[in-house]
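**Q** Once you've looked at the hints, dock chain B against the given chain A.
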Amino acid sequence: MAVFKKILIANRGEIAIRITRACREMGIGSVAVFSDADRDSLHVFLADEAYHIGPSPSKESYLNYQKIIEVAKKAGADAIHPGYGFLSENTNFAKACDEAGITFIGPTVANIEAMGDKISAKTLMKKSGVPTVPGSDGGVDSVEEAIKIAEKIGLPVIIKASAGGGGKGMRVVRKMDEIESAFRACRSEGQNYFADPTVYIEKFINDPKHIEIQVFGDKHNNHVHLFERECSVQRRNQKIIEESPSPSVPQEVRLRMGEASVRAAKQINYVGAGTIEYIFDNTTKEFFFMEMNTRLQVEHPITEIVTGVDLVREQINVAAGKPLSFKQEDIKQKGHAIEARICAEDPVTYKPSPGVIRACRHPQGPFMRVDSYAYPGYNVPIFYDPMISKLITWGDTREEAINRMQRALSEFVLTGIKTNIVLHRTILDHPTFRDGTYTTQFIEKNFEVIEPEMFKQVEDPVFLIAAAIEAYNDRKSKDIRQLNVSSTWRRLGRKMQLRT
Amino acid sequence: MYFEAELRGKKYKVDVTEGRHSWKISLQQEGKEWVHHDVSKNDYKRAEEYISFLFQGKSYLVDVVGSDTEYTVFTRNSFRSIKIFNDEMLLHESLKKGGGFGGDLELKSGMPGKIIEIFAKEGEIVKANKPLLIMEAMKMENEMRATRDVKIKEIKVKQGDSVESGAVLIKFEEPS
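Top line first, the protein sequences correspond to chains A and B.
At the far end of the first sequence sits residue 500, using UniProt numbering, and the numbering has no gaps.
At the far end of the second sequence sits residue 176, using UniProt numbering, and the numbering has no gaps.
Calculated from the structure, these hints are not laboratory results.
Every value quoted in this text rests on a predicted model; they were computed, and no experiment measured them.
Among the clues, some could well be false.
As the list claims (entries may be wrong) - FRET-style restraints, in silico, Cβ to Cβ:
hint, chain 1, residue 1, chain 2, residue 2, range
1, A, 457, B, 36, 16 to 26 Å
2, B, 141, A, 131, 26 to 36 Å
3, B, 128, A, 437, 30 to 40 Å
4, B, 6, A, 206, 41 to 51 Å
5, A, 119, B, 48, 23 to 33 Å
Claimed, not checked - Listed next, the stretches of chain A that the computed footprint assigns to chain B, with coverage defined by at least 3 CB atoms under 8 Å from CB atoms of chain B:
hint, stretch
6, 344-352
7, 377-385
8, 408-417
9, 460-469
As the list claims (entries may be wrong) - With a straight-line Cα cutoff of 30 Å, these simulated BS3-like cross-link-like pairs (lysine-lysine) come out:
hint, chain 1, residue 1, chain 2, residue 2
10, B, 83, A, 476
11, A, 67, B, 114
12, B, 41, A, 478
13, A, 351, B, 121
14, A, 476, B, 151
15, A, 59, B, 158
16, B, 11, B, 32
17, B, 114, A, 351
18, B, 127, A, 351
19, B, 151, A, 351
20, A, 351, B, 108
21, B, 108, A, 59
22, B, 139, A, 351
23, A, 239, B, 41
24, A, 334, A, 239
25, B, 41, A, 476
26, B, 139, A, 95
27, B, 83, A, 478
28, A, 478, B, 127
29, A, 239, B, 114
30, A, 59, B, 114
31, B, 139, A, 239
Beta carbons are placed, not taken as given, at the ideal position from N, Cα and C, and that holds for glycine.
Only chain A is shown next, with the shape it has when bound in the complex (with noise of 0.2 Å):
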């Protein structure tokens, strides 16, 4: 008998179309929700049931969790899975679902409120013995404190806003004489743009790298991790290729890597699906625990190739209370695996490209997959994320996971709006992607300038020539309509010529 009778899945797109699927697998019945943007996404197709829940604006619809625990009680759905982002964090909704007597599926609230601030997760993970960055425990208070706590951990390091974000109260020292003046603009800048002048300090590592831990845990204490990713090749701090294994980290790191996630994990009886992203130093090969995500995570595809398991079926079994199907043990990492994220967007501004796809031709092959809600005719609209399309491909080596994602790719067609596919093949063949050294610096060094790159590709008169007799046609269609219809004149003058 299936673990549920039937799942609501409060979100959209590509995650709301895997969830369906592993709902169909497991003989569950999957319930869609969609707002007035989203009636023609194929989530709504592909489900056995869809309900209206608002406005295109997310605040208004996928945001709305009292809207949605009222479809799930109206749908008789005994679970609810929130995917990735939206109410996949939002204690509010998951102690809501409680209430409701409905299931979560994602970690405990305590889980969820222990890992959200970032100051109580670092305390928690020194508590376990997960390396953090060194730096101030907590606030500094003055610029001596500031100048011993830089000579202790050594230069360079980060003076950081306690309240700070975006790139706001936050300075790199590099010089021990510029602590003094750096310290204080920080402050300056925390007492005005977030009315708090606490500053922290922690060392600052160049060029690193971002890798991460999958981890799960179900309501019997068992605790394991997946192995890791690396997820450095990131445009405005968002990622875009994942891949697995990381070509930088070596064994032992890795072991240790893991070994230290299922710590951390099990200092919070962590239950379900969650990642913990790590800084990576590529030159002492150091990590450091950055923040964790409890929830499944848009790159978990490229785990569930490399280790055979199914991360969503697992997170709705130990939902429901079934131990984890795998132990340590089970869990290999076989062969490698690369993700590239698809975005309606243009590949030289990064600017998101909404609009009509037109044609939609997803590559087909071995070793492959794509999770996507693409489809020709689809409106992809404004309210959300610019991800449609997110394509696998596994390999025996590293080599050949990045030639069979490069074939796929030249076989993808998506044409009515802008993607950067392209953008996906200059990268691949990059040697600095090639050989596995990118950080999350990778990006911004490389690809200031990508389009000479890109338009190396295809020679400009292929483009003319078509555009050229497009314009023909058109030109030559506008003028038989315009022969076909006889003026207001012309008829005017036939009739007056008929009364004479």
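**A** Relative to chain A, chain B alone:
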């Protein structure tokens, strides 16, 4: 049929002749010689939503989106926006601006969104590639920059405004 086209800042004269079995397309980039291409209709075939185009031994799957003067051509996951003016439009343009196609005198919103910040001030001269404003759409902040040197005539929006696709955000005039 005669056209003028602009692709990535380069101007072209284009001549298209349709035969029974082929297209004759002649292209002349400004300052260069005419180049003639004979394209068999068998090599430029419509297949469902797109066109299969065999050109100089290479196979392209092409889609052309647009009408009037603005066309976007997609192929091999690459795309180009092409401005193309036919004889009729060239005549209109020449009546309007005294010949050729000049820059736009308005900054329009390409999609619905929210104005986050405005950098430009009325009466100010903004140099090419300098930011004019930031608009939020699809959860991303998009900086809109001046495509050429312009003088700000009128700012039609204010911070926090929600705008529809095609809305005029800023009106320009030629800097004196």
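**Q** Look at each hint and say if it fits the structure.
**A** Tested hints:
1. A:457 / B:36: 16 to 26 Å: 24 Å, holds
2. B:141 / A:131: 26 to 36 Å: Between residue 141 of chain B and residue 131 of chain A, where Cβ atoms are some 34 Å apart, the hint holds.
3. B:128 / A:437: 30 to 40 Å: For residue 437 of chain A against residue 128 of chain B, whose Cβ atoms are near 36 Å apart, the range 30 to 40 Å holds.
4. B:6 / A:206: 41 to 51 Å: 44 Å, holds
5. A:119 / B:48: 23 to 33 Å: Violated, since residue 119 of chain A and residue 48 of chain B (Cβ atoms, about 56 Å apart) do not stay within the stated range.
6. 344-352: Satisfied; 6 residues make the cut.
7. 377-385: n = 4 at 8 Å, threshold three: holds.
8. 408-417: holds (count 7)
9. 460-469: holds (count 10)
10. B:83 / A:476: Holds. Residue 83 of chain B to residue 476 of chain A sits at ~18 Å (cutoff 30 Å).
11. A:67 / B:114: 26 Å, holds
12. B:41 / A:478: 21 Å, holds
13. A:351 / B:121: 24 Å, holds
14. A:476 / B:151: 39 Å, violated
15. A:59 / B:158: Holds, at about 23 Å.
16. B:11 / B:32: Since the Cα atoms of residue 11 of chain B and residue 32 of chain B sit roughly 11 Å apart, the hinted pair holds (cutoff 30 Å).
17. B:114 / A:351: Distance ~14 Å between residue 114 of chain B and residue 351 of chain A Cα, so the pair holds.
18. B:127 / A:351: Since the Cα atoms of residue 127 of chain B and residue 351 of chain A sit roughly 21 Å apart, the hinted pair holds (cutoff 30 Å).
19. B:151 / A:351: Holds: residue 151 of chain B and residue 351 of chain A sit about 25 Å apart, inside 30 Å.
20. A:351 / B:108: Answer holds: residue 351 of chain A to residue 108 of chain B is near 15 Å, not above 30 Å.
21. B:108 / A:59: With Cα atoms ~27 Å apart, residue 108 of chain B and residue 59 of chain A stay inside 30 Å; holds.
22. B:139 / A:351: Given that 30 Å is the threshold and the Cα spacing comes to 10 Å, the pair holds.
23. A:239 / B:41: 44 Å, violated
24. A:334 / A:239: 23 Å, holds
25. B:41 / A:476: 17 Å, holds
26. B:139 / A:95: Holds, at about 27 Å.
27. B:83 / A:478: 18 Å, holds
28. A:478 / B:127: 40 Å, violated
29. A:239 / B:114: Distance ~24 Å between residue 239 of chain A and residue 114 of chain B Cα, so the pair holds.
30. A:59 / B:114: 15 Å, holds
31. B:139 / A:239: 15 Å, holds
Going down the numbered hints, you'll see the structure goes against 5, 14, 23 and 28, while the others check out.
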